[in-house]
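Whenever a hint applies, use it, and build me the whole structure from the sequences.
Which chain is which? The protein sequence lines are V and Y, in order. Here our numbering is used: the first residue of the first sequence is 1, the next is one more, and so on. Here our numbering is used: the first residue of the second sequence is 1, the next is one more, and so on.
Everything labelled a hint here was simulated from the structure, so no lab data went into it. Quick caveat, the model's predicted, so the values are computed rather than measured. Check each hint, because a few of them may be wrong.
[As the list claims (entries may be wrong)] Computed spacing ranges between beta-carbons, pair by pair: (1) Y:N200 - V:L194: 28 to 34 angstroms; (2) Y:V17 - V:A295: 29 to 35 angstroms; (3) Y:R36 - V:Q417: 48 to 54 angstroms; (4) V:V302 - Y:I238: 56 to 62 angstroms; (5) V:G415 - Y:K82: 34 to 40 angstroms.
[Said to hold, decoys possible] Chain Y is faced by these chain V residues, among others (derived, beta-carbon under 8 angstroms): (6) S203; (7) A276; (8) D277; (9) Y281; (10) E323; (11) K324; (12) I326; (13) F328; (14) M332; (15) F333.
Ideal Cβ placement from N, Cα and C applies to all residues, glycine included.
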Amino acid sequence: MARDKLKSGGLLIKGGHVIDPVAKIDGLMDVLLQDGRVVELALPNKIRGGADQTLNARGLVVAPGFIELHVHLREPGQSYKETIASGTAAAAAGGFTSVCCMPNTSPVVDSVEWVTWIQQPQRGAVVNVFPVAAATHASKGAVLTDFRGLQRAGAVGVTDDGRPILNETTMRDTLRLAAEINLPVIQHAEDTRLTENCSMNESATSFRLGLRGMTAAAEASIVDRDVQLAQQFAGARLHVAHLSTADALKAVRRGKRSRAHVTCEVTPHHFTLTDADVGEYNTYCKMNPPLRSGADREALIVALADGTVDAIATDHAPHATHEKIIEFEKAMFGITGLETALGLAITRLHRERKIPLARIVELFTAGPARVVDVRGRGTLARGSHADVTIFDPKKRWTFEAAKSRSKSNNSPFDGWQLTGKVVATIVSGKIVYRSG
Amino acid sequence: MNKTARGSLLDIEHLDVKEITGLLQLARRMNPLKPRPLLRGKRVLLLFYEASTRTRSSFEIAAKEMGAMTTLVLSSGSSIEKGESLLDTAYTLQAVGADVMVVRHPAAGAPLLMARHLKIPVINAGDGMHEHPSQALLDAYTILRHKKKLNGLQVVIMGDIYHSRVARSAIHLLSKFGARITLCGPPEMLPELATCLAPNLHITRTAEEALRGADVVMVLRVQKERLAGMKIRLQDYIARYQMTTARMKLAKRDAMVMHPGPIIRGLEITWEVADCPQSVIVEEVANGVPVRMAILARALGKA
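Listed below in structure tokens is the structure:
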């Protein structure tokens with residue numbers, strides 16, 4: 001180990017356009033990585049001394065490593081869908097250097113043992129993995145887990161994702177106890193009492209297809225309640241996962257105005273597609289929360305631009321073919337998303353809607369770093385972890401789901417032509433992904 | 001998405017007026033009393049995941065009248081009970097030699113899923129709350145035996161439209177032909193979204209308003225088995241929407257009373273209205289045979 005360190009003369013990223021919203025950098029810079037840290041950040045050709053390896057980034061954007069707040073890596077228990085190794089390989093290909101994985105596995109990650117297990121080197125992760133632990137035992141919504149112990153073991157948040165915390169007392173206790181240790185509470189906001197047997201958004205399309213529809217109110221009412229609860233406890237941190245409706249955004253804005261610590265994330269599929277894309281029972285457009293109306297999508301794009309939304313998160317949810325190529329109402333909720341996130345953000349938000357590239361980078365880096373504590377990540381400031389994402393914002397490419405690094409290929413974006421592609425992903429100074 | 005086999009009948013929504021007219025004309029040439037053996041040597045597979053009396057028996061009779069062999073597979077008593085998936089069941093039945101598959105399924109879109117993966121045509125005999133195209137065709141056939149044309153007809157569809165695949169198919173069909181359609185029912189059974197389904201749709205919550213001047217009154221059953229969690233008081237429903245002799249008087253004198261069945265006398269319709277001279281409820285069932293003969297003949301390229 002020590003000899004390795006001595007030998008490693010570092011990696012110099014030359015001539016790239018560095019965008020780092022935290023360090024307020026948006027211009028041509030060279031970056032020197034050494035011993036797992038950013039050691040220098042300087043104007044082009046100003047870094048003295050050599051490096052073992054040089055990466056020419058001319059014409060490319062050099063950004064802090066992307067942080068993904070919401071992935072399903074499916075381990076323990078569902079390795080036929082994804083493993084920590086395959087899911088993190090897909091993450092690396094999508095430019096993510098850190099991922100926060102959800103606890104709704106089999107069994108549910110509700111103990112120190114499982115939080116530890118996920119982080120063991122044997123899992124084969126190629127990017128940083130930050131477990132999010134269950135807020136209640138087996139995510140049944142009744143008995144709270146040991147937040148302190150879970151946090152010490154490495155959990156960066158608690159959630160019952162997939163199953164919302166419906167009971168108001170349970171949610172209040174969760175927020176209060178998590179506030180004591182500065183731990184974010186991540187809520188999948190859905191009043192499941194209103195969404196039984198529903199498989200898409202309530203809309204003209206759901207009526208036409210004869211499918212039961214989820215209302216926007218089923219999401220917004222829970223966000224509204226949670227924001228009110230978060231305001232009651234100093235230090236409470238509420239994070240709304242995969243927010244999808246205009247009404248829920250209103251509640252988040254209210255929370256932010258009241259100086260409560262409320263954050264939220266939006267998925268690429270919710271800012272790209274609408275419920276009409278379900279078309280003729282396309283199960284690759286079945287997810288929860290469901291694709292919403294055009295008006296909801298528009299509100300999300302406005303909120304992504306104006307700062308209301310803190311992060312883009314994919315809700316990467318791999319499923320096996322036999323769980324998707326079945327009757328729509330029986331098909332599993334969720335799609336993969338790690339490898340298409342940046343392309344969709346640049347294509348739909350930057351090119352079509354003129355959201356500045358710096359803001360897009362913020363939504364993948366500094367934004368999510370504010371939501372969870374990822375320890376010196378989300379910036380390229382000197383001394384930070386040497387996690388870097390290099391991408392070509394102008395590169396046109398076609399996503400082929402069959403070639404995905406994920407074990408599953410349940411994506412509605414198969415065959416889509418996108419602009420903006422990851423060129424290299426660097427974790428702790430090591431290149432873990434390099435495109436073609 | 002994969003293509004579906006020629007001759008499939010999956011919904012009314014994606015048929016055009018010409019195709020529908022063609023099917024109705026073909027049905028008029030089908031005489032169940034003097035059938036032609038158009039389907040001799042063909043195998044018609046009836047795959048039913050849900051209860052059925054009319055649809056199942058009339059498809060079976062239609063097939064046999066034309067000389068086809070029929071096999072009935074029900075979800076109970078088959079490998080479906082052992083957990084076989086819909087597609088695997090479909091592949092199996094295609095492999096045993098089915099030439100056409102008639103399927104009823106509780107999941108919306110199930111026949112389309114099958115059609116996308118099979119080489120043989122698939123006929124939708126009712127899928128969840130989605131569509132029931134053969135019912136809409138036989139309803140149009142029945143109306144046209146009493147009225148000159150569908151264009152301009154005032155049609156009332158009354159009752160549980162939200163849960164009804166019959167309503168969705170009928171609305172698509174009648175709207176394509178220019179009928180003026182009034183939907184009537186309480187919000188739980190008739191959301192405002194229903195008007196997005198097709199042009200020429202109006203909603204009213206008052207039976208009396210809907211019925212005034214109607215040419216055709218289609219009454220739907222309250223689908224208690226699909227009401228999952230809805231709080232509808234049947235007594236209120238009966239008071240406001242039941243088809244009674246008094247309400248029937250608001251419609252035109254020669255108005256037809258239709259019902260896809262099964263009818264629940266005393267709930268959505270009274271005994272008297274169900275059996276009144278204007279009622280074509282039994283005739284609808286009889287017309288199901290020639291219409292389904294036409295559907296099967298078209299599916300197998302024999303027409």
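**Study point:** Enumerated hints in conflict with the structure, sorted upward
**Key:** Result: hints 4, 7, 8, 10, 11, 14, 15 break, sorted rising.
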